[in-house]
Each structure stands twice: as structure tokens, then as C-alpha cells.
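There are 2 protein chains.
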Amino acid sequence: MTTESFRILDEKSLIEYIKATPSLASKLGNEVENLKIKEVGDGNLNFVYIVISPSGSIVIKQAIPYVRCIGESWPMTKERSYFEATALKRQHGLSPKHVPEVYHFDRAMSVIGMRYIEPPHIILRKGLIAGVEYPLLAEHMAEFMANTLFYTSLLYLTTTQHKNAVAEFCANVELCRLTEQVVFSDPYKVSEFNRWTSPYLDSDAEAVRNDKALKLEVAELKSKFCEKTQALIHGDLHTGSVMVTHESTQVIDPEFAFYGPMGFDVGAFIGNLFLAYFAQDGHADQGNDRKAYKAWIIDMVAETWNLFYKKFTSLWDIHKEGPGEAYLHEIYNDVELWELVKQKYMVDLFHDSLGFAAAKMIRRIVGVAHVEDLESITDPAKRADCERRALDFSKNLMKKHRTFNTITDVISTAL
Amino acid sequence: MTTESFRILDEKSLIEYIKATPSLASKLGNEVENLKIKEVGDGNLNFVYIVISPSGSIVIKQAIPYVRCIGESWPMTKERSYFEATALKRQHGLSPKHVPEVYHFDRAMSVIGMRYIEPPHIILRKGLIAGVEYPLLAEHMAEFMANTLFYTSLLYLTTTQHKNAVAEFCANVELCRLTEQVVFSDPYKVSEFNRWTSPYLDSDAEAVRNDKALKLEVAELKSKFCEKTQALIHGDLHTGSVMVTHESTQVIDPEFAFYGPMGFDVGAFIGNLFLAYFAQDGHADQGNDRKAYKAWIIDMVAETWNLFYKKFTSLWDIHKEGPGEAYLHEIYNDVELWELVKQKYMVDLFHDSLGFAAAKMIRRIVGVAHVEDLESITDPAKRADCERRALDFSKNLMKKHRTFNTITDVISTAL
Chain A
1 MTTESFRILD
11 EKSLIEYIKA
21 TPSLASKLGN
31 EVENLKIKEV
41 GDGNLNFVYI
51 VISPSGSIVI
61 KQAIPYVRCI
71 GESWPMTKER
81 SYFEATALKR
91 QHGLSPKHVP
101 EVYHFDRAMS
111 VIGMRYIEPP
121 HIILRKGLIA
131 GVEYPLLAEH
141 MAEFMANTLF
151 YTSLLYLTTT
161 QHKNAVAEFC
171 ANVELCRLTE
181 QVVFSDPYKV
191 SEFNRWTSPY
201 LDSDAEAVRN
211 DKALKLEVAE
221 LKSKFCEKTQ
231 ALIHGDLHTG
241 SVMVTHESTQ
251 VIDPEFAFYG
261 PMGFDVGAFI
271 GNLFLAYFAQ
281 DGHADQGNDR
291 KAYKAWIIDM
301 VAETWNLFYK
311 KFTSLWDIHK
321 EGPGEAYLHE
331 IYNDVELWEL
341 VKQKYMVDLF
351 HDSLGFAAAK
361 MIRRIVGVAH
371 VEDLESITDP
381 AKRADCERRA
391 LDFSKNLMKK
401 HRTFNTITDV
411 ISTAL
Chain B
1 MTTESFRILD
11 EKSLIEYIKA
21 TPSLASKLGN
31 EVENLKIKEV
41 GDGNLNFVYI
51 VISPSGSIVI
61 KQAIPYVRCI
71 GESWPMTKER
81 SYFEATALKR
91 QHGLSPKHVP
101 EVYHFDRAMS
111 VIGMRYIEPP
121 HIILRKGLIA
131 GVEYPLLAEH
141 MAEFMANTLF
151 YTSLLYLTTT
161 QHKNAVAEFC
171 ANVELCRLTE
181 QVVFSDPYKV
191 SEFNRWTSPY
201 LDSDAEAVRN
211 DKALKLEVAE
221 LKSKFCEKTQ
231 ALIHGDLHTG
241 SVMVTHESTQ
251 VIDPEFAFYG
261 PMGFDVGAFI
271 GNLFLAYFAQ
281 DGHADQGNDR
291 KAYKAWIIDM
301 VAETWNLFYK
311 KFTSLWDIHK
321 EGPGEAYLHE
331 IYNDVELWEL
341 VKQKYMVDLF
351 HDSLGFAAAK
361 MIRRIVGVAH
371 VEDLESITDP
381 AKRADCERRA
391 LDFSKNLMKK
401 HRTFNTITDV
411 ISTAL
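Protein sequence lines, in the order shown, are assigned to chains A and B.
Position one of the first sequence corresponds to residue 1 (this note's numbering), numbered consecutively onward.
Position one of the second sequence corresponds to residue 1 (this note's numbering), numbered consecutively onward.
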């Protein structure tokens, strides 16, 4: 992997690159003289090209060695594309209906070629802002999470396989450090990158920085994030990492993937649903008070958790005599004991999920990176009102996360 | 690392090996024509040679690719010597008074050359069987554990350093699997290698295999062992891994070293002290009822924990503005909060230690490998009586480990 073999592509050089790469050209029916190319990268990190020929389409994603939206003054290893490609392939193998297929990976160029998730797919976050219902969302996300988390954990793997995979993903440390900084650290102190809707939330932001009980909890969550190598997690499973239609749910952008606590994925998704929920009052207008939609989002929270619980424990039941080494069948093959085992594991996973959901919410309100759900509320007083309610909910959730027994109990604190 | 470069040494070929290795010959004052060599390996795995010249001495340890006391039918990677050498060097750097210095490591030959821990040092376990008091034992073990655990954790390291080290030691998976099998699995089911003092403990052993609450707890401990990459732990810190005189305490044999929960080291030591305690009645005779010695051992348990607590938190205080990234000073620099942080961390570490202590005790009574403290009680009825009391204590400890507040509370259940 020499730096000479890396160059940043543009729409022109990309055509030459595709022509020289059979695995990509073939997906375009080899009709490479008449390509339509559009760069659509709207995240902070990478270039994303949609490439369309008369008979096919692909997406090309290239990581560059710095944070794109900041510039060369903020380096960020382009090796992240290796971890994204590896994670995509693993996730696709485990949840093929919900992950785009990887056609090509060029490590030197930090280029991934993958299936184009075509219109009418849109980013889920935008759909939530627009008030669109997705009847299969909970089912699909539950399936994606159950499959990707169960099969990469010691409930299915041997410790040899597990440790090997842990070691491999240890190298994705730079992306982990980004999360450690912006999720688990910066919001809890004065940091130059923090921002919030000011002056409305000035004292709310200060209260976060001075909340002892909150800081105790976030320290424990940070340690879990850094130390608990439970499964191969997506690492950034917010509603901007999901593309949807009424029938289809596709999970993208796993460049933060590493071996960490399962609850960080479940919590990221649930936390972002809650952010969408609290933002709804800011999108209400004469035609639509968003009350029914708020109820739908709340239903999604409950359904996602409950379906995830069901699917995850079903996989575990199916594989209880399987290769996984955490709960050997010869030890746990008593009917009553097996139920206790599953309950205990899922209660811990539930609590982890709630803690991480809270952390992900808090950082989006008083940290560096906010969410469009709230940012798009143009009236700052209205936005601050939504943000304060989200913040109060999530602070309480973080401090009490280990006391909740059911998702219904959690939801009742949001209503 | 080709297999052609590996050969099993004996006393004769070892002389040639030493002559060809300046870093070893120099420790012998280069007086290599008149070496006294004795093979003393009494563990299960390796050859250990004491090499003495007129002007110096060294120990040579060689790992062979199978379990020595079983034979080639039980392979065990000789790469374990790499992890032992690496851990020894790291631990010596952090606790030079309590770890023998490594002079030489030959990866191809799986040979470590190190300082000879000379007489009157004996293995601590033997001293405990003999009823010998070691006034500095608690202080020294507390210092060894505090230093080696604190400085290899995120309380002192950056996550970059930490993940790098975690990845390196993931490769010591074979030794970890041995522990997963013999400590966390086999005692809780019918396994061909299990043994116990029969018929006296037949129903006690069966009770362990049928104890649902116990199995629930050991599952959680096993997951922590496999997933919680908290610090570089020794991995087998029983009283056979410690050599002592009245003034000196040396910790040896860290071939099981990897990134795991700190409580596994603290628990291993404390658990083995308790085993020594429960064995005392089996060593009592006309001249010595061992009552005073039992009280001394109990004092050691309390003193070890209390001194460890003090030293560990002192290191943390000293380095609170240091490089460690788990508790950034800018977040946790409130006096009251800082005390709460330390208390919470140490309570969790205390509970982990108790759970692992229990696991280490249970496996030594109904598992494959027992301890000389109990095995040397020749009268089986007397032995079984000591073992049953140790077993009842440790089963209760495992089931209630998260409820104890102080070491005194724990000790009271042993009296």
C-alpha cells in the first residue's frame, strides 16, 4: 500500500478507473463510453459517485486521508475504507436483503464499488423529517441488527474466530477515537467544537457539563465502548446510515465498524428515532400537527426493540447446540435455565442499548455534529424547545438506564 | 519462524546454546566451561533449567509444542513463550522489584533466558502449606497488581496504545481457551477430565453441575473474561506463580497474559489464598493447630485488597491529568465527582475480583487441575471436609459477589 498508488479521483479520472476495472465495467454492461456520473457525497468524510450506464449502475465511494468537509488540517486515515468494505461484505453475508453488495475493493485507492441503491430510496432521516411512514422499517432493522450482532458474537463464534476478528478491527482505532471524542467526551466539557442553539440552551449545555451523575454514567458507557468486544458492530447506526422505500431498508456506511458492545448499534438507532420524535413538533404546520406521526415513531421504537428481541433470541434458540462458545449446550441445556440465560443476556443488552441511545442523543444537541431533524427547524426558539425536551429525556435515560424493565417504561418518559 | 529452527534442548545441547548466545554467556561471567545445569520444571507445560557458573546464574525456560506432562497428544502452541517474554518485560518495566528480568528471548526456539530467582526463594504455595508467614506479601502483591494493571489500562494509556496492545495479545488465544475450558466450562458439566475427592464429594460435584444460579453467574464471568479488554493481565496469578522469601516477592509464569478483566488477576490471587486457608485444617497436627496461621492468611486477604485499593487509586490520583483517556481530567476534575468516580470503578473491580476468585476456587476442587494445598492432605475424608467448606464458600461467593461491600463482609462468610 504505497502512497504513490493513491490519487483522489474526480468525475473524469473515475471513467478511466472504471474502464480499467472489469468487476466494475461488467456491472455497467461494459457500456463504458456513455457513463453518467454524479458526485453526491453529503456526509463529512468521503466522495460518493453514482455511475449510470444504459444497462447498469454502480456506486463508487472513495475515502480521502482527511475529513472532507474540513480539509487537510483534519487528517483521517483512508484505511477506513478497508474496514467499511470488510464490514459491508460481512454484513451482506449475514443480512443480504438489507446491505448493498460490494463488487470491488481497491485498498491502495481506498475505493469501494458497490450496488447503487436506486430511487425511490431516500435517506431514512429525510423521510422521518418529511413525516413518511415505513411499515416494514422495524421488521427490517430488527432483522439486520439481530443477524449482524448475533452471528459475530460468541453466541455463534468460537473464541478463536472471535479473537481473530477482534484483532483485525483493532486497527480501525482512528474512527473509534472520533466516536470516543465526539460522543463520550466533548459534550461533557468545554470543547471548541461544541455548539448548541444559543442562547436558549446555554444553561442546559452548562448543566450537562456539571452533572455528576450523568458523567459517572457516561464514563461507564465509554469504558464499555472501548473494552467490550462483544460483536462486530456497525458503529454509526443512525438514521442517516439507512436508506428506505416502503418495501426496502438498506443499511450503509459501516466505516466505524469494530468489535464493540451490541447495545451501541441498537442504541444508536433507537436514539435517533427518539430525536426524530422530539423534532416533530418543530415540523408541525397548519396541515399536519404531526401527532399521529409522533405516535407512529414511538410505535417504531417499541416494535424495533421487541422484534429485535424476538429475532435475536430465535437465532440463539436455533443455534443453541451450535459452534458458539459463550453458552455451551452441555452446561445450559435445562429448559428453565435456558430461559433465565436468555432473559439475563437480553436485559443487559437492553440496558446497554438505553445508555448508548442516551449518549447518542445528548451529543447531537450539545456537541459538534447535530441532526437535520432538529437543525431544519428554522425558528431557533421552536428548535430549542424540541432540543430541550430531547435533552431532558436523554439525560434521565442515561442516569436511569439500568432501572428500566421494558421499552414501554422508557417510552412513557418521552410522552 | 520455521520449524527447522526449533529443537527441544536438553542439558547437553543447552550448554552449546548458551555458548553461542552472548547475552546469556555474559550473565554467567562468560565462564561457560564449568556450568552446573539442573532441570526443575514442575509445572505442566515447560522445561525450566537453572544454570549456574562460578560467577553467575540464569534460568532458561523453553516451551515445547505440547503439554509436557501429557505428551504430543495434547498440542499447545509454543508461541506462548513469546507472550510470556513480552509480558515479563512489560511487567518488569512496571514492577521491577517483583518480576525477574529477561536477558534473552529466542522466538524460533521458544527460549527465554531470565534472572535466576535464587534460594531461599520458594514457591509461595509451598510456604502456605508449610505455615510460613510472609510479612511483606500483601504489600508486594498489592504493588505488583496495582502497577501492572493500572499502567496497562485506559486509566493510563491512550486508546491507540491500548487497541494496539489488545490486538497483539489476541494471538495468545490458545492459552485463553485453556482457561475458558478448565475454569469457566468443564466444572459445570460432565467432562472427562473433571475429578474430585470421591465418593465424599460426589454429590457436591453433581450439585455444581445442577446449580442454575451458579451457572448464570459463571456465564457472565466467562463473557467478561472473553470480552472485557480492560488491562494486560498475568492470566494465571495463583500462589504457584509467586516465589517468596521473607523480604522478597517475585511473580513468574505470565504465559497466559492477554488483555482481559483486572479482576481475574486479583481474584486468582485472593481465591488461592482462600484455598490455602481452607486447607489449613488438613495440615494441623499435634504441634500446630494452624489457628493462628489461618488468621494470618485471612489478614493477608484483607490487607492485599486494601493495599491494592490504596496503591491503585494513588496511581490514578498521581496521573489524573496524565495520558489516560478513560477519564479525561477536563470532565472529571470536580473533587466530589473524582471521589465518586474512583469509588464506582473500584466497587466494580472488587465485585469482578470476587466473582473470579470464586470461579478459580471451584475449578480447583471439581475440575481437572487441583492445588497442592488440598492434594497434600493425605487423609481423603479430611481433605474432602476442607474441600467442601471451600466449595460452599466459593459457590456462595460466586452467587452473591455483586452484593458484597467490603472485604470484611466476604471474610465473615469464610469464618
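Treat the hints loosely; a few may be bogus.
Since the list gives no way to pick one copy over another, a pair counts as held whenever it fits inside one copy or between any two copies.
Unchecked claim - Each computed BS3-like pair below joins lysine-lysine, with the alpha-carbon atoms no more than 25 angstroms apart:
hint, residue 1, residue 2
1, K399, K344
2, K224, K126
3, K400, K189
4, K19, K38
5, K189, K311
6, K400, K294
7, K382, K320
8, K224, K399
9, K189, K320
10, K12, K36
11, K291, K310
12, K342, K189
13, K291, K212
14, K126, K97
15, K344, K400
16, K310, K97
17, K320, K310
18, K38, K382
19, K400, K224
20, K224, K342
21, K400, K342
22, K310, K212
23, K12, K320
24, K212, K342
25, K382, K291
26, K344, K212
27, K320, K212
28, K311, K97
In short, the hints are calculated from the structure, not lab data.
None of these values were measured; they are calculated from a predicted model.
Open item on the list: Under the constraints set out in the numbered hints, which ones does this structure not fulfil?
Closed with: 2, 5, 7, 11, 13, 18, 23
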